[in-house]
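Start from chain E and add chain P according to the hints.
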Amino acid sequence: MSKYIIKRILIAIPVLIGITIIDYAIMCLAGSPLEMLQGPRVSEAAVEAKKIALGLDKPFYVQYFIWLGQLLQGNMGYSIKSYQSVSSMIASHLGPTLLLMGVSLIVSLLMAVPAGIYSAIHQYSKGDYTVVTLSFLGSSIPGFFLSLLLIYVFTIKLGWLPSSGMTTLGTEGGAADVAKHMVMPVLVLATSMAGSNIRYIRSAVLEILQQDYLRTARAKGIGRFKVIYKHALRNALVPIVTVIGMEIPVLFGGAVIIEQVFSWPGLGLMTMSAITSRDYPVIMGVCLLSAVVVLAANLITDILYALVDPTIQLD
Amino acid sequence: MADKKKNNNKKIDIVNESYLQTVFRRFKHHRLAAVSLVILIILGAAALFAPFIAPHDPNEIVGPFSGAPSKEFWLGTDQIGRDVLSRLLYAMRISLLVGIMATLISTVIGVILGLIAGYFGGAADMVIMRFTDMVMSFPYILLVLVAASIFKPGLWSIILILGFVDWPGIARLVRGNVLNLRETNFIKSNLVAGMPLSHILFSEILPNTVAPILVYATSVLALSMLDEAALSFLGMGVQPPTASLGNMLNGAESLTVLTKQPWLWVPPGVLIIVLVMAINFVGDALRDALDPNSR
Chain E
-4 MSKYIIKRIL
6 IAIPVLIGIT
16 IIDYAIMCLA
26 GSPLEMLQGP
36 RVSEAAVEAK
46 KIALGLDKPF
56 YVQYFIWLGQ
66 LLQGNMGYSI
76 KSYQSVSSMI
86 ASHLGPTLLL
96 MGVSLIVSLL
106 MAVPAGIYSA
116 IHQYSKGDYT
126 VVTLSFLGSS
136 IPGFFLSLLL
146 IYVFTIKLGW
156 LPSSGMTTLG
166 TEGGAADVAK
176 HMVMPVLVLA
186 TSMAGSNIRY
196 IRSAVLEILQ
206 QDYLRTARAK
216 GIGRFKVIYK
226 HALRNALVPI
236 VTVIGMEIPV
246 LFGGAVIIEQ
256 VFSWPGLGLM
266 TMSAITSRDY
276 PVIMGVCLLS
286 AVVVLAANLI
296 TDILYALVDP
306 TIQLD
Chain P
216 MADKKKNNNK
226 KIDIVNESYL
236 QTVFRRFKHH
246 RLAAVSLVIL
256 IILGAAALFA
266 PFIAPHDPNE
276 IVGPFSGAPS
286 KEFWLGTDQI
296 GRDVLSRLLY
306 AMRISLLVGI
316 MATLISTVIG
326 VILGLIAGYF
336 GGAADMVIMR
346 FTDMVMSFPY
356 ILLVLVAASI
366 FKPGLWSIIL
376 ILGFVDWPGI
386 ARLVRGNVLN
396 LRETNFIKSN
406 LVAGMPLSHI
416 LFSEILPNTV
426 APILVYATSV
436 LALSMLDEAA
446 LSFLGMGVQP
456 PTASLGNMLN
466 GAESLTVLTK
476 QPWLWVPPGV
486 LIIVLVMAIN
496 FVGDALRDAL
506 DPNSR
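Chains as they are written, first to last, in the working numbering: chain E, -4 to 310; chain P, 216 to 510.
Okay, chain E solo, but in the shape it has when bound (with noise of 0.2 angstroms):
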């Protein structure tokens, strides 16, 4: 188990250097951030010491190797436009983003894997259909359309709900308050990543439904409720583990979108406004970030793998 650990990371190092270095050549290519600064009130002076100072006047591959050695002493830059460093300013934003994509997360599970397991038990059922169909227009539905709809409704027509933000301004905010502003933009995520997953858990469980050993079960007598909930339902996890490992990538970067239509002071949005005014160190600390925990995602589910499913062995 450790030797296959040890394996994977190996693997995914070389997988990250590229990605790193993919990232750096693209952005170099793109512009160069001192085009935002540009403007009648800067002399062409002020630009040229800036860029010396940024390093910006040195071949990208030498702005590369400065910025790897520096990010291998765990200092990974500072923000072009406020100064701040990149790491203090992922780390204020990360806490947002991920209650937002935990919660996301376990709801979009709370609506998938019941769903998909009645679907597949109820196979060609009416019930089975319309959960098929619902799920259809769960993953067809874009999230942004989903949110306008939802702040009509629920902020705009009902007053229920806040639209944007984490807490009220002016107030101390509390658990409650930051529940309320959660409601919408969980719900957008978690019904775009329920509609597939859905489809997914009750082709598994379908698939797990002809096995051999369950035609046994059901053979012995020990009735239809046992058969399902102790023998199928405890084979279904190897599929549910695949759809949290699918998952992650994809909350990651519905974040992004969900973040900026409800103002939700998250990694998404720090990396939108970071792209926009092309902060190279922010937007290359976020990709960072990103890439490594989808790497360590998919590790976590390979191991997850051989813990519920004994008979997959890892080597």
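It cannot be assumed that every hint is accurate.
What the hints assert, rightly or not - If you want the footprint, here are the derived chain E segments under chain P, 3+ residues with CB under 8 angstroms:
| # | region |
| --- | --- |
| 1 | 90 to 104 |
| 2 | 135 to 149 |
| 3 | 236 to 250 |
Stated by the list, open to error - Below, computed lysine to aspartate or glutamate pairings styled on EDC-like, alpha-carbon distance capped at 20 angstroms:
| # | chain 1 | residue 1 | chain 2 | residue 2 |
| --- | --- | --- | --- | --- |
| 4 | E | K2 | P | D340 |
| 5 | E | K121 | P | D499 |
| 6 | P | K243 | P | D503 |
Claimed, not checked - With the Cβ distance kept under 8 angstroms, some of the chain P side facing chain E (calculated, not the full set):
| # | residue |
| --- | --- |
| 7 | G484 |
| 8 | V491 |
| 9 | M492 |
Note that these hints are calculated values from the structure, not bench results.
Yeah, the Cβ is synthetic: ideal placement off N, Cα and C, and Gly gets one too.
The following block gives chain P in isolation, referenced to the frame of chain E:
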């Protein structure tokens, strides 16, 4: 003997049905997908013939500012007096174009890389699959957003960005299929017979993986249309005055539009859902119909 018998009663026998007939017969079973296909054909035709059926020029100011739906303007007019229905038709044209072109590009890239990785194996496989891992480890939207901010936003850059980002799934799929096919006897016999490589790759292996590629491509089409909408909504996709389903929704971020002028943002949103859902249903039915294991 048995073969002769089959040939005699060709019309009744399901065994002698051509592949396409089987697929079509199975596809029709899927009621929702059949309806979806009809809807797609109608909407596709409407998009294709937009210049002939649109009541007004989509970019011309023809009516009052933010006029409610009326007899002359079925879906009202937008903030600067353009006809919403006409814009909607042209927007659908653009969104479908982006989706189809992006899907074509990513399918071609995915198929080529998948064929190379699967057939040649070794170092080529290693390099291609690691590269695929890299592209896949990026949160997809983040990659698209970064790319969209770098290149000048516009119709063709969005097509290229989506096309160059969507291929890893197809590459993996093709690679897996090629790995399986390479072990089959008919490919081995081709090798023994000394057939040229291009013949083996494109005339023997590729036709045998077309079905799963087609199914996968429908989901890529649905996804890239959603992505185009999201990007254009954020102002990083198709740029005004060209209408796309996403940038028509852009205005709904203003409170007056959201609360008082639903005709400006509900129709494009609903149209996206209908299009994407229909594509997903068709893809789902195709998956069942093309699966050789289910008869």
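**Q.** Assertion that chain P covers the region 236 to 250 of chain E - criterion: three or more residues, beta-carbon distance below 8 angstroms
**A.** With 5 residues closer than 8 angstroms to chain P, the region 236 to 250 of chain E meets the three-residue bar; holds.
**Q.** 20 angstroms limit on alpha-carbon distance, applied to hinted pair K2 (chain E) and D340 (chain P)
**A.** The hint holds at about 18 angstroms.
Q.
Less than 8 angstroms between beta-carbons is the criterion; does M492 (chain P) satisfy it with respect to chain E?
A. Where the cut-off is 8 angstroms and the nearest Cβ of chain E is about 4 angstroms from M492 (chain P), the hint holds.
Q: Below or equal to 20 angstroms on CA atoms is what counts here, so check K121 (chain E) against D499 (chain P).
A: holds (18 angstroms)
Q. Are the Cα atoms of K243 (chain P) and D503 (chain P) separated by 20 angstroms or less?
A. Roughly 11 angstroms between the alpha carbons, so the hint for K243 (chain P) and D503 (chain P) holds.
Q) Hint check: is the beta carbon of G484 (chain P) less than 8 angstroms from a beta carbon of chain E? A) holds (4 angstroms)
Q: Count the residues of the region 90 to 104 of chain E whose CB lies closer than 8 angstroms to any CB of chain P, then report whether that count reaches three.
A: Result for this restraint: violated, n = 0.
Q | Cβ contact check, 8 angstroms cutoff: the region 135 to 149 of chain E against chain P, three residues minimum | A | With 10 residues close enough to chain P, the hint holds.
Q: Let me know if the C-beta of V491 (chain P) comes in closer than 8 angstroms to any C-beta of chain E, holds or violated.
A: Given a least distance of 4 angstroms, the restraint on V491 (chain P) holds.
Taken one by one, the earlier hints fail for this structure only at number 1.
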